[in-house]
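**Student:** Given next are the chains, with one letter for each unit.
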Amino acid sequence: MVKDVRDALPFRMVKRADITQARAWAIRLIAIALALLTGGAFVAALGYDPIGIYATAITGSLGSKMGLELTAKLAVPLLITSLGVTLAFKMRFWNIGAEGQICVGAIAATYFALNHADWPQVVLLVTMALAGIVAGGLYGMIPAYFKSRFGTNETLLTLMLNYVALYTIQALQQGVWRDPSQQGFFKIARFPKVARLPEVFGVHIGWIAALILVGLVYVYLRHSKQGYELTVVGENEATARYAGMHVKRVVLRTMFISAGIAGLAGMLQASGADKTLNDTVAGGVGFTAIAVAWLARLNPFGMLVVSVLFCILERGFQAVQSLYNLSTATADVLQGIVLFFVLGCEVFLTYRMKWVGAKGGVERV
Amino acid sequence: MPNAHPAIELKGLTKGFGSIVANQDIDLTVFNGEILALLGENGSGKTTLMNMLSGLYRPDAGEIYVSGRPVSIHSPHDAIALGIGMIHQHFKLVDVLSVQENIVLGTVGHFAGKRKLSREIRELCERFGLMIDPERKVYSLSVSEKQTVEILKVLYRGARTLVLDEPTAVLTPQEIGRLFDILRKMRKEGCAVIIITHKLNEVLEISDRVTILRKGRCIGTVETRSTTARELTERMVGASVDLSIHRPEPLRSGPMLDVHHLTVVNSDGVRALDDVNFSIASGEILGVAGVAGSGQKELCEAIAGLQPIAGGAILCEHTSLEGLSPREIIRRGISMSFIPEDRLGMGLVASMGMVDNMLLKDYQNQPGMLIRREGARNLANSLVKQLNISTPSIYTAVRKLSGGNVQKVLLGREIASNPRILITAYPVRGLDINSSMTIYRMLNEQKQKGVAVLYIGEDLDVLLELCDRILVLCGGRVTGIVDAAGVTKEQLGLLMAGQTAEEAMRNG
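Chains as they are written, first to last, in this note's numbering: chain A, 1 to 365; chain B, 1 to 508.
Hint data in this document are derived by calculation from the structure and do not stem from the laboratory. Be aware that a few hints might be false.
[As the list claims (entries may be wrong)] Ranges of calculated distance between the beta carbons of each label pair, as one might list FRET restraints:
| # | chain 1 | residue 1 | chain 2 | residue 2 | range |
| --- | --- | --- | --- | --- | --- |
| 1 | B | G475 | A | V347 | 22 to 30 Å |
| 2 | B | R119 | A | V247 | 51 to 59 Å |
| 3 | B | G269 | A | V247 | 18 to 26 Å |
| 4 | A | A117 | B | N266 | 58 to 66 Å |
| 5 | B | K92 | A | R149 | 29 to 37 Å |
| 6 | A | D49 | B | T396 | 24 to 32 Å |
| 7 | B | A61 | A | G284 | 44 to 52 Å |
| 8 | B | G269 | A | R149 | 52 to 60 Å |
| 9 | A | E346 | B | K215 | 47 to 55 Å |
| 10 | B | R136 | A | V247 | 36 to 44 Å |
| 11 | A | V247 | B | E322 | 16 to 24 Å |
| 12 | B | D268 | A | V126 | 50 to 58 Å |
| 13 | A | A117 | B | Y395 | 49 to 57 Å |
| 14 | A | A117 | B | D362 | 46 to 54 Å |
The C-beta atom is built at its ideal place from N, Cα and C for all residues, glycine as well.
With these hints in hand, go ahead and build the complete structure from the sequences.
**Tutor:** Encoded structure:
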């Protein structure tokens, strides 16, 4: 008889009933410590000084005004997009199409930036923001419509629509919006001054929008009727119908808002950070946002913390990479090690290990 | 009669989930050639115990002996290899396959030819008195026939010990009789049978011994011959309980709900309800009997406005409800609580606490965009007090409450909305005796306040005691509406099986 492998292990995973905040943070700190040790061993094996590398990562992301600004710039789209996907996730609608929704929002904003440079700055920027929200929102309603009408799988549809949006940008770069002054390069012209977001404390004002959104999304989810409705729909559609909710309307509305927020992130990124539209406007933020949203357990304030930490990591290792002349792959491995431990420790927040000792299994008949 | 060979022995089994101990130090023995009933209230740990036996859970401590040898069971595969077969409440069959295909499905290393297989199955059927054609497709089988297939499945895999989890919940009295015949046959063949049930009369009828669990502990094992329903209840609950259901005289001050020629076609294009006629007076409880899936769900949903009606009319105090949205129907004082198998299916949101669940029906009446929770909080607090709902807090997810408390939350909210018509389906499904009695009391209070109550139930004894009249559904048609005081269980059973009222009264 084949013996069960679980018999050979001296411990078992047991579900925790509850966990105190102090203990949860202790576990997280241990995870971070382990991550640093493992990462340190890795770079030491490559012949670098781990302490130096970590110090560079910290100073690179937080140690200088420029470092801080770069970190904040990274965090803005990530935080906003996390807030957006959260609305959909709360409704159990697996919107993994934020990447595409960011692109579409940016495209819509770019249209106004390129064609209406004669408008007053405030009017133009507000129009661009609204265009980003509406375009992103409508784009997000496509999978929502098909899901509520035909029961299609939203995971696939939102994912596929990412590529449609991405390649639309490339088509625009190479086609109608191509900047002839760039000679051989396929690029879209830089936005005129009036179409660029003003800066406050050295970072475009998107960060203020992001902070306001944290509060708005929190109130929307916890204290508004619509937030209540989308939560009920997500948990139990039968109950939602029973309580007289219009399930389809809730699904469409929520996806409009969710994707609209992602669209706004696209506009902010194009107008505030890139000052043009290119195909890296989303740059994976739409996917990272999913991890951020879940790590923060769909809590908007949690997302603020988590997205900033993500960006410190990202920016820090960018600094390490350029200073130590590391390969991109090495920097990615380091970042991966940290994420592995930090994400992995979540398991230990819901389960604990129980030592049962290495007792022999009982022979079966 | 049990001989001296224990088929299964459980010694000191303990299983905890987090800080909750579901099973504490449980001993249980079942002998070959014996039917053992496992009795206990909700949350007393019956299912946990059986899940350890069938390999779904692993015990934290304690030993399992099969035929006197210590074993460790890691999966249902291990369990069946040891001759332990589990019949779950919900059947796990593939509808489009035939009976014999379902039986061999998932067996390993057994490639019997079709003819040989068919012969083996017929032999098994004969030995245990099962009646089923191995060639038939599962979708064409009735509920009780599907159960027979489940039993065959485990017998074919060589099970010598059968565990049945509430097997009678979905059967008519006649079908229960047949099931019990099969179990007796097994006992005669030397199998060991463990039957989990809430119904005391069944325990007394079928079992040789009864093991009683209370709050995760084993209270004791008694010989069925030398015990009574009263004694069993007292040991199970830990206190004496009045088992009689009170039936106050109905007020019947005028019809509240009239249903005329109601026909409903479900999403499969099948007539789920066919020309259904009845009326409920205010201050009356009308029971609905019928095997599962006879149109009960569609009836509830049609009245609540969740299911479009294909023909006929539903009148509430002489005004038609047709074309009204669920929201408008709620506003007219029609309140439905439908408790499906998983209890939380329709009416509650499992992950929300009591407060947010209280909001479900009236949040739309609040002005503005934002939600105010004071009202819901007060309601939740008063329900906890009035109905003795045991919950750590009114914010604890209702999923974490026990079945009885969940039902109290649901019914309490419906009643708090002061309905004129209260539709309640399976409100005591899976509930223990104490909680059930509370629910019956609540329904009677509503009746006395002049509410028209439609009670869709499973337990015929309860229907007979609680309701004023009983409507019997069979395949979406009404086979009879009878006075509860003048009908027997057997007659109801015949009506449920499709006989007309005259036939049933003559034969029952």
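**Student:** Determine which of the earlier numbered hints do not hold for this structure and return their numbers in increasing order.
**Tutor:** 1, 6, 8 and 9
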